[in-house]
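Since chain Z is already given, all that's left is putting chain S with the ligand on it; use the hints.
For the protein sequence lines, the chains are Z and S, in the order given.
Position in the first sequence counted from 1, then plus 119, gives you the numbering used here.
Position in the second sequence counted from 1, then plus 29, gives you the numbering used here.
Simulated from the structure, these hints should not be mistaken for lab results.
We put the CB at the ideal spot given by N, CA and C, even for glycine.
Errors might be hidden in some of the hints.
[What the hints assert, rightly or not] Here are the simulated lysine-lysine pairs, BS3-like style, with alpha carbons at most 27 Å apart:
| no. | chain 1 | residue 1 | chain 2 | residue 2 |
| --- | --- | --- | --- | --- |
| 1 | S | K60 | Z | K400 |
| 2 | S | K60 | Z | K534 |
| 3 | S | K60 | Z | K361 |
| 4 | Z | K400 | Z | K307 |
[What the hints assert, rightly or not] Per the computed footprint, the stretches of chain S lying under chain Z, defined by three or more beta-carbons under 8 Å from a beta-carbon of chain Z, are:
| no. | region |
| --- | --- |
| 5 | 154-162 |
| 6 | 201-209 |
Here are the chains, one letter per residue:
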Amino acid sequence: MAGTLAEKVWESHVVRRADGEPDLLYIDLHLIHEVTSPQAFDGLRIAGRRVRRPDLTLATEDHNVPTTPGPITDPVSLTQVETLRRNCEEFGVPIYPMGHAEQGIVHVVGPQLGLTQPGMTVVCGDSHTSTHGAFGALAFGIGTSEVEHVLATQTLPLKPFRTMAINVRGTLPEGVTAKDVVLAVIAKIGTGGGQGYVLEYRGEAISALSMEARMTVCNMSIEAGARAGMVAPDQVTFDYLKGRDHAPSGADWDVAVADWEQLVSDENAVFDAEVDIDATKLTPFVTWGTNPAQGLPLGDSVPDPRTIADEHERAAAERALEYMGLHAGMPLRDIRIDTVFVGSCTNGRIEDLRAAASVLEGRQVANGVRCLVVPGSARVRLQAEAEGLDRVFTAAGAEWRLPGCSMCLAMNPDKLAPGERSASTSNRNFEGRQGVGGRTHLVSPQVAAATAVRGFLAAPADL
Amino acid sequence: MDSFTTHTGIAVPLRRSNVDTDQIIPAVYLKRVTRDGFEDGLFAAWRQDPDFVLNQPQYAGGSVLVAGPDFGTGSSREHAVWALMNYGFRAVISSRFADIFRGNSGKQGLLTAVVSEADVESIWAFCDEIPGAALTVDLESRLITAGDLSIPFEVDDYTRWRLLEGLDDVGLTLRHEQLVAEFEARRPAYKPVVQ
Ligand code: SF4
Numbered sequence: 120m121a122g123t124l125a126e127k128v129w130e131s132h133v134v135r136r137a138d139g140e141p142d143l144l145y146i147d148l149h150l151i152h153e154v155t156s157p158q159a160f161d162g163l164r165i166a167g168r169r170v171r172r173p174d175l176t177l178a179t180e181d182h183n184v185p186t187t188p189g190p191i192t193d194p195v196s197l198t199q200v201e202t203l204r205r206n207c208e209e210f211g212v213p214i215y216p217m218g219h220a221e222q223g224i225v226h227v228v229g230p231q232l233g234l235t236q237p238g239m240t241v242v243c244g245d246s247h248t249s250t251h252g253a254f255g256a257l258a259f260g261i262g263t264s265e266v267e268h269v270l271a272t273q274t275l276p277l278k279p280f281r282t283m284a285i286n287v288r289g290t291l292p293e294g295v296t297a298k299d300v301v302l303a304v305i306a307k308i309g310t311g312g313g314q315g316y317v318l319e320y321r322g323e324a325i326s327a328l329s330m331e332a333r334m335t336v337c338n339m340s341i342e343a344g345a346r347a348g349m350v351a352p353d354q355v356t357f358d359y360l361k362g363r364d365h366a367p368s369g370a371d372w373d374v375a376v377a378d379w380e381q382l383v384s385d386e387n388a389v390f391d392a393e394v395d396i397d398a399t400k401l402t403p404f405v406t407w408g409t410n411p412a413q414g415l416p417l418g419d420s421v422p423d424p425r426t427i428a429d430e431h432e433r434a435a436a437e438r439a440l441e442y443m444g445l446h447a448g449m450p451l452r453d454i455r456i457d458t459v460f461v462g463s464c465t466n467g468r469i470e471d472l473r474a475a476a477s478v479l480e481g482r483q484v485a486n487g488v489r490c491l492v493v494p495g496s497a498r499v500r501l502q503a504e505a506e507g508l509d510r511v512f513t514a515a516g517a518e519w520r521l522p523g524c525s526m527c528l529a530m531n532p533d534k535l536a537p538g539e540r541s542a543s544t545s546n547r548n549f550e551g552r553q554g555v556g557g558r559t560h561l562v563s564p565q566v567a568a569a570t571a572v573r574g575f576l577a578a579p580a581d582l
Numbered sequence: 030m031d032s033f034t035t036h037t038g039i040a041v042p043l044r045r046s047n048v049d050t051d052q053i054i055p056a057v058y059l060k061r062v063t064r065d066g067f068e069d070g071l072f073a074a075w076r077q078d079p080d081f082v083l084n085q086p087q088y089a090g091g092s093v094l095v096a097g098p099d100f101g102t103g104s105s106r107e108h109a110v111w112a113l114m115n116y117g118f119r120a121v122i123s124s125r126f127a128d129i130f131r132g133n134s135g136k137q138g139l140l141t142a143v144v145s146e147a148d149v150e151s152i153w154a155f156c157d158e159i160p161g162a163a164l165t166v167d168l169e170s171r172l173i174t175a176g177d178l179s180i181p182f183e184v185d186d187y188t189r190w191r192l193l194e195g196l197d198d199v200g201l202t203l204r205h206e207q208l209v210a211e212f213e214a215r216r217p218a219y220k221p222v223v224q
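Bound conformation, chain Z alone:
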């Protein structure tokens, strides 16, 4: 039977199938972090269970870690991190703690180690696990009791999902990035448009993307409500993986590639839904509101809620403008920014930092603007330093930080003050996400850097 990529990966992981029951799927890789794992380990302890496959489990510390040198000062953050360390020790789970050369945001660490591979099932107690779908893996976020279930059994009982093809046709214009693509996709289908679906990103524009850019796209699938996002593996994927620490080697490599090459949606496979995006029409895209679907091309103006037909969306837009302190009709390029954040599992990889640095090189962050550059992992940080990117950032007046989630969710000290406005390369612009009362505009690294220079939302072409 013809199948989609997602269905093929699903089928190859079915441990048990019975009428009227969810399929039991095997999980190839389970990533954990300090926020969503403590109760899962506690549950194991209460029931006297062990971790079935510590060797398929990896823990990192990311959400709470400070990005300036020194210990964690917040007591809650410290408890979570210390609990994770104790749990990993007790249950034999490998961990990359703060200060370790492999520490970083969980969704940056897995791929860069070569742990995320095509055709795998990858889960993590974190919604942005969808990032790993860029490799043609079926990767999704899970709740704490599911974390416990995977720890104990290395499997998950799952109900089937539907599939949606996102066809991004044509070639992206110069200066338009993966972030612009995914923001445009979310604006088109809405924050609930992907509900119950696994999205498969397809088409010329997607094939032309690097692995890191594909991760940016898949990362934000969840912001359209989707279970997961995927891109079929191809030569770009294989080239990225080859030689990585955990990638297959020798004869294994050839066997693996032969398997991976099968991981495409069949010609006559049927998707439950399809969406077409014309890549040639895309421009740098930014959000103006308080959910990731409230976005527009940078050249547009803040929308007038009165022109929105849907009643709920209109009300949401009105609330958003009030919270964001914006008024209808204002050109987006006139929005003044206080803080620029470059980082997160959406855009904290080396290519993102290179992109931001290429804009900042020889320029200065505008007076009164704070610009934070937070690498996604310790490795990314080292590599950036080896390439001299850190010097570009600091010479431009930006702050070069230690790796972690940082201002993506403001669980550590990196926060917006009430009313403060950011251009952020992260993935969520919810009210208060970057600090109580903070106002977030989601942007690409290029737009973030150009905005830092101008002090207003801007693309590199505006400089």
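Below, chain S with the ligand without anything else, positioned relative to chain Z:
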């Protein structure tokens, strides 16, 4: 998890609809790293009010919550179920539950019994008549009995079976451990391991 066949306990009338998970357990209580002790956060805001039902002595030790429609809406936090169970509740009766809450409850051994709105009203009336009186929730016969009342309730077969057997998700899966092991033996050798 403990099996649930029949339970007799004090019925606590919660005369509110749309009780969301933020009201069941406010976000400030989510910072803990354990799975017990959440009872102190249960309905924390409402418990400030001395007249709130849980503050009334006749309902001390209550274990069956009888609530208005749309119980458990809002965020998917499992802490809402932990808080109810840590407090001592074994069952919640309502005419409508939020899906995720219902799913989370079934997984952890909290029975969510669905009855009509009129039936909720009659149970509330029963509670008013004899505050602190016990009622019985019989899962085997899917029947709530309180005084003269005898009210059938809905629960899906799968959840009922699991509750009767006392099987949590992990326990269920572990019954198929052999299949998991067989699957592991078939996995391609090139699949990565962390260490
Ligand atoms: S960077 Fe942000 S979205 Fe990504 S894992 Fe961290 S907190 Fe979540």
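Looking back at the numbered hints, which does the structure fail to meet, lowest number first? Numbers 1, 3, 5, in rising order.
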